[in-house]
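Generate the whole structure from the sequences, applying the supplied hints.
As given, the protein sequences belong to chains A and B, one line each in that order. Taken in order, the first sequence gives residues 1 to 550; the numbers are from this note's numbering. Taken in order, the second sequence gives residues 1001 to 1550; the numbers are from this note's numbering.
Since the hints were made in silico from the structure, they are not lab data. Each residue gets a CB set at the ideal place from its N, CA and C atoms; glycine is no exception. Treat the hints loosely; a few may be bogus.
Covered stretches of chain B, as calculated for chain A (at least 3 residues, CB under 8 Å) [said to hold, decoys possible]: (1) 1039–1047; (2) 1062–1072; (3) 1118–1132; (4) 1245–1252; (5) 1461–1475.
2 protein chains.
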Amino acid sequence: MESIELLVIGGVAGGASFAARARRLRENAHITMIERGPDVSFANCGLPYHVGGEIPSRNALAVQTPQSLKALLNLDVRTRTEAVSIDRSSKRVLVRDLQSGQNEWLAYDKLMLAPGAAPVVPPMPGVDDSRIFTLRSLTDMDRIASAVQTGKRAVVIGAGFIGLEMAEQLHRKGIDIHLVELQAHVLPQLDAKMTLLLEQELRRNGIDLHLGQQVTRFQTANGTVQTHLASGKILEADFVVMSIGVRPETSLAREAGLQLGNRGHIVVNGFMQTSDPDIYAAGDAVETEDRVLHGQTAVPLGGPANRQGRVAADHLFLGDRARPYPGSMGTAIVRAFEVATGVTGWTEQRLQNAGIDYETVTVNDYQHATYFPGARPLTLKICWEAKTGRLLGAQATGHEGVDKRLDVLATAIAARMIVEDLCHLELAYAPPYGSAKDIVNLAGFAATNLRDGLVVRTDSLPDDPVVQLIDVRPKPLADAYPIAGAMNIPITTLRGNLDKLDRQRPVVTLCSFGKMSYFAARVLMQTGFQVSSFSGGIKANLDPGIPPKL
Amino acid sequence: MESIELLVIGGVAGGASFAARARRLRENAHITMIERGPDVSFANCGLPYHVGGEIPSRNALAVQTPQSLKALLNLDVRTRTEAVSIDRSSKRVLVRDLQSGQNEWLAYDKLMLAPGAAPVVPPMPGVDDSRIFTLRSLTDMDRIASAVQTGKRAVVIGAGFIGLEMAEQLHRKGIDIHLVELQAHVLPQLDAKMTLLLEQELRRNGIDLHLGQQVTRFQTANGTVQTHLASGKILEADFVVMSIGVRPETSLAREAGLQLGNRGHIVVNGFMQTSDPDIYAAGDAVETEDRVLHGQTAVPLGGPANRQGRVAADHLFLGDRARPYPGSMGTAIVRAFEVATGVTGWTEQRLQNAGIDYETVTVNDYQHATYFPGARPLTLKICWEAKTGRLLGAQATGHEGVDKRLDVLATAIAARMIVEDLCHLELAYAPPYGSAKDIVNLAGFAATNLRDGLVVRTDSLPDDPVVQLIDVRPKPLADAYPIAGAMNIPITTLRGNLDKLDRQRPVVTLCSFGKMSYFAARVLMQTGFQVSSFSGGIKANLDPGIPPKL
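Okay, structure coming up:
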């Protein structure tokens, strides 16, 4: 077995996975890993949770050290060491020891670039204030943890996954939070209505949401930092955490002349080779094939990074047995207090923007049998290709079982299932875990009913007075939470009250969850009405803020 | 729309789903449902949980009543009404009102048979004792609940899914439990080693397990009922719950001349039609195609029953748009105290018995990031077709996240995925919910490593002294829980200690979880040793009873 010189730039997810897999495949390879920061292979997804104290021990996040990687995997790890430039013609990298300032050339047979991505910090007045933080490394985490010691109020800018985790964890520390988001809803990666429960949960916990608000500048005043919004509002706080996104760290790749994509990511083939076949790349800095539809995508998350690193090592050492990276889907989830919300594949918004001919349905049910204690509602939205029925994406929100449904749908999407296939997934059912017809089955039923023409759905309540809006909820519920312009005819009395409706005018049926309105629509459609059902029910469609409108 | 006369025999899962779907598809059908018992559409899966008080309200289990089904679905429901015989030539069913004793012929255009299955009660001496119960209906449940009022000790016979739920729930009521199982392990539907954690949990809670024990007879003595085992042991208790399995209720079908399968189930085609095309059947009484491999199967569970009823109604009313039932996989799960254990598809035992050329691997990991509080181990076993890699089955056991992994694998099996596909499932990851490499990915990695020849696995520790058994766990762990005959060389010191091993003799490596032993096997294989890794580690393979052998 001939030896080989491997050089890995970046010691966290993608780089560490590459090195570990390479070692298992080639015992006598010489593997050097360099990392700009002081830590390697740390649990970056855990950073917010140590700030909030939910992960009490900082050591828990330092998964490996240079010493442990030497002992376990025989890696030569150099931390606080930066790659300065790549000399592709002579296959060597100039590295600088950040402590001594000394430069050195390291030769490679194969190079792995896993430089990651850096938090975006837009150039705006006052942004260099020392109390404005971003979160990427253990060092960043320590800075924020230190600010928490004395701070009472914080502004979190960006309500994406990290921003929500930070808001939740800072709140655990008793910090008052302003959460500012440029888009009109939190988790702008998701469709608007799918974040309503999450927004309600944030407000319920006292997080001050500023949605659709642009930050224009920061200003220091009275020992605090002021965040100025375009609306004129000024948020005063002891510190600010900025989490508006990341940009790939690709200056090294660019200067080495490697091909970059439209948005600046490193371009790789299915085996994670860059435009130079002796240089691999993995993780947040690369773009890959989109696994769902055509085109390229960049998903800066730990799962893809780890698996990409592994693919590269396989390609290097396994020959024909290596299998390519199948592309990324963008599966992601976040917990904020008691609510979980997530996505896999494409959202309706993204499909719409791309001009894809799609269909969608939203269903509500409970995470397990309703008669079993602890049943809580869950909302699931799926999108599919209109012509073929192929699943293109799913979003879920609720208190429990959200991750499970996302995982089932991520698997279904990876398998290129059609919505009809969801009807007959045979999922694990016992009362503590599910229902005889799981919400995933229900989504399949609802989608198939649409495709079979059994129901016409509408996403919005009619504002045309010609349309008869029929609320089929039980009377006490309709009385307590009335819907403007709706006539209440409970589903159980509908058949006896058809003469109250005008057959010449269209009907929209509505209920809480979208199930009874479908039942009603079937009765009406078969008795000659032109009818559509309000998809997903009131629960999934109206702001469930205060008062509850169930 | 022409009217049609539908008659449904059996008012629970399959029958109720058929009726509900039929109503939605044909508003003017006349639908009559007859049910022998006093209740329709009740939550039979919830029965054990009301006995134990976890579901406090009995009403919660009575999902629908004849009145509510009339109001909601315009069904004519007759309870306490038994189908006596079917006259296929004139398409009518003789039914008997069990209260009045009166008989009546009911005509049908289409008939649905959903009679379900009855608990097996083997003919043995003393089995007619009034304190020996089975559990199928609300009435059965009430009888057991009544026995719980005064009882202190109970024998549960059969440690399948229902038996385990009953044991757990009776224990909640302070009843001392003897749990008797004919097979050598609980949940005989699963492979033996996958039930070790469950058995440990049952014992931890004070359940007295009698495994590999046959019941020979019952005897009344001193106001108690004695259960006699073949071993000579006598278990004395206030009552007995027998849950050794079910047999399909098919006397009506048999007498009507419908085709039955080898094991007495009603034979149906993909659209749930019996050998008489005007008679459908669904639920516990039918056998269907096996969804994983060739042949027929019968899965007496609520999920399949509900979906079969729906398929039949679709076939009747949707014409070309109806899609056939894809067969059953046998996905099932049970919670016993804090442990969940389940299966989907085929077990190793079943594959072995059927002479299928399969491979299998068992992996251990945690349900979510180890650094996040509450991480608990989880064991996952997968089986696949040796030649193609196609997934054939999965089993999982652990404290949390078991249902999720079973559902992902049930989806993967339904999609006819190969083990390589598991490597790149992009599952929802945030520290509270999963890991960057989920245990499902790990199972794919382990299976792929086997298929690629990177590792040789063994399921048993060697008893041949020529084999060098190397325990690569950290020294403190190896000292505390030593493995007989093993030499401890921690993985981190292995490379420096290769000279302690004899290259002429085979090596088996072992650790707690099966991961480090794989690392070690790779080092040894690449340095010229003949080595195999103990699959799944000690945790998954040795009785984790007392003392813990981790």
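Original post:
Looking back at the numbered hints, which does the structure fail to meet, lowest number first?
Top reply: Numbers 3, 4, 5, in rising order.
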